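So the protein lines, in turn, are chains A and B. Using my numbering, the letters of the first sequence correspond one by one to residues 6 to 338. Using my numbering, the letters of the second sequence correspond one by one to residues 6 to 338.
Derived by calculation from the structure, the hints in this document are not laboratory data. Please note that the accuracy of each hint is not assured.
Since copy identity is lost for identical chains, a pair holds within one copy or between any two.
Result set (DSS-like, lysine-lysine): computed pairs, CA atoms no more than 30 Å apart in a straight line [said to hold, decoys possible]:
# : residue 1 : residue 2
1 : K136      : K13
2 : K38       : K136
3 : K38       : K13
Predicted model only: the values in this text are computed from it and were never measured.
Number of protein chains: 2
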Amino acid sequence: MNIVEFAKSLGLSIGTVSRALNDRPEVSPVTRKMVLMRAEEMGFVRNANARRLVTGQNLMIRLECPYNTHILSDRYLVEMARAIEESAVTHGYDLLLHLGTRQRDTASEIESIDGLVVIAAPDTSVADIQKLSHNGHTPTVVITGSNPLDYPLVSYVCLDTLPGIRAAISRLAELGHRRVGYIGSDHYSTSLRRALPGLMTEVGLTWNPDMAIDAGIAQEDGYNAARTLLTLPVRPTALFARTDILASGAIQAAHSLGMFVPGDVSIIGHDNIEVAALVSPPMTTVAINIPEMAAIAVRLLVSQMVDKSDPGVEHLGTHLVIRKSCGPVPADA
Amino acid sequence: MNIVEFAKSLGLSIGTVSRALNDRPEVSPVTRKMVLMRAEEMGFVRNANARRLVTGQNLMIRLECPYNTHILSDRYLVEMARAIEESAVTHGYDLLLHLGTRQRDTASEIESIDGLVVIAAPDTSVADIQKLSHNGHTPTVVITGSNPLDYPLVSYVCLDTLPGIRAAISRLAELGHRRVGYIGSDHYSTSLRRALPGLMTEVGLTWNPDMAIDAGIAQEDGYNAARTLLTLPVRPTALFARTDILASGAIQAAHSLGMFVPGDVSIIGHDNIEVAALVSPPMTTVAINIPEMAAIAVRLLVSQMVDKSDPGVEHLGTHLVIRKSCGPVPADA
DNA sequence: CTGTTAGCGCTTTCAC
DNA sequence: GTGAAAGCGCTAACAG
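Let the sequences and hints guide you as you build the complete structure.
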């Protein structure tokens, strides 16, 4: 059934019906109510494609995820997608999903979306963003774990991780630790590596470059790095790992050396992915406020799409989640 | 730019251009090549909404996920989404995402999709499916961890979990275990509870109803159940948990009792979610072939959408993934 | 407040 | 093999 038949069955013109359905002010309350009621009754729904064609609005945004989600982890992705969808829906938008599995040119649907949310991976480049946003012609917001890219035609939601990391190592200092090992990943943040010495001495820890290892991204990398650190002649009494995955490897390494966590060594992770709460012991870690990140992203995007405002940049902090993987420095250390 | 301007700039009629772009046979090879080339050059892309309107094809399927993903876990969801997207894209379809966060009536977009993939949760009902599929009017496939629902107007992809579970406990028997505890979840499968006694005695284990606990779904439930089982006067030497989440709780329970896994107690999970590989020790578990499940789902859906064939039902098995949480029965037990 | 009508951009007959 | 023209179902501008 289309609007013509529907209008006919009500004895009204299609114009009136359309106005009623669109909640326009020019239609009498009585008529509107009647139209709405009968549409419900008869199950009449307007053809979305015709509406999109004539209005030029798709009410659809695309979520573009990196293929390789390493850092983000699946939990991150699902939570992010869920939060973005929620925000999008409240603004009246639907969510189209690209999980990065496709080869073909995405240009084929250039006009089928109103905006784009890109979840950036560590290796996302300016060229990627440029292509995805069609040189900035499609309103776009990029969600990144670090800093904005050098491409000002799109919006950015960025993470300020330093304060949260400072809180993490500061907690270790309060627990009496002095020698804290760092299991890093230059893959994600070379800036942290640079800031770390200052950060550590600031909170009262001793900085020792031999206790900072640039591991990779896999759990095994964390395992190996932790084995190295924990078998040092003068070993660290606590470890901070740049990701929970690395930290979970570190926990396994401690166990493999017959050490208890947190009895013999304290461990802190970063990201608060699902695993963090499920490992044994549950992991103290630095958490990202994903719903807020998503809400900010959608807000930036909507203001580009609807208000035609310029792209913007917003920052967001992290916070420490305390579980059971940290304790006081062991007496014999 | 629309097709009129584009055609004009080529000195052709819109009919010819349209035919060339649609790869119709009636157009001369020379013309076709020219049209395609210039479209690329000039960046001309046809308006998707106009095409959808006139063809009645949306080339879009919706993925409907349960809000509460407990069992499925996020990994399951992401992998499933990724696999479904991949299959969908090879068939030319895009993926619309509903993560179950919305309240409003989905009827508003009834005609904007060609088909629907529903990931069923344990509590998904016939009424849910009926509503989502618009009484079977929208081609639909339901992916379920157990059996088809009593609603034959849609397709189903089902999991045959029993053979995989049999393989799991059979492995425990081979390792010399006799007393195996079961941490179940009637939430997911009451059928397993019924089949278990037979299964256990079949593979050579002793069946003892006191060693079967109906836990809940949270990690803590697995923890509590395992504490109960492992402090029995005559305790089980191995545990099989219905989900990896429960199993991860069981590992923590063992640690809390000063037991080593697998030295003192062997533990097997089910589902092979991300966590399974990351806990300490990495968990032996029963795995689901998610990409295959997704591929089957999309195939069933496409044959409904394109070939107008009737809904079907397909089954799929699971397999055991051996990691490090199982070992021989301890000598003193 | 309501009815009439001109498109939105495309596909697809129907002529030639 | 190509061009002309009739819609697809809707919204919005224009009359009344």
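Structure-based check of each hint:
| no. | hint | verdict |
| --- | --- | --- |
| 1 | K136 with K13 | between (47 Å within a copy, 28 Å between copies) |
| 2 | K38 with K136 | between (47 Å within a copy, 25 Å between copies) |
| 3 | K38 with K13 | within (17 Å within a copy, 47 Å between copies) |
In terms of the numbered hints stated before, the structure departs from none.
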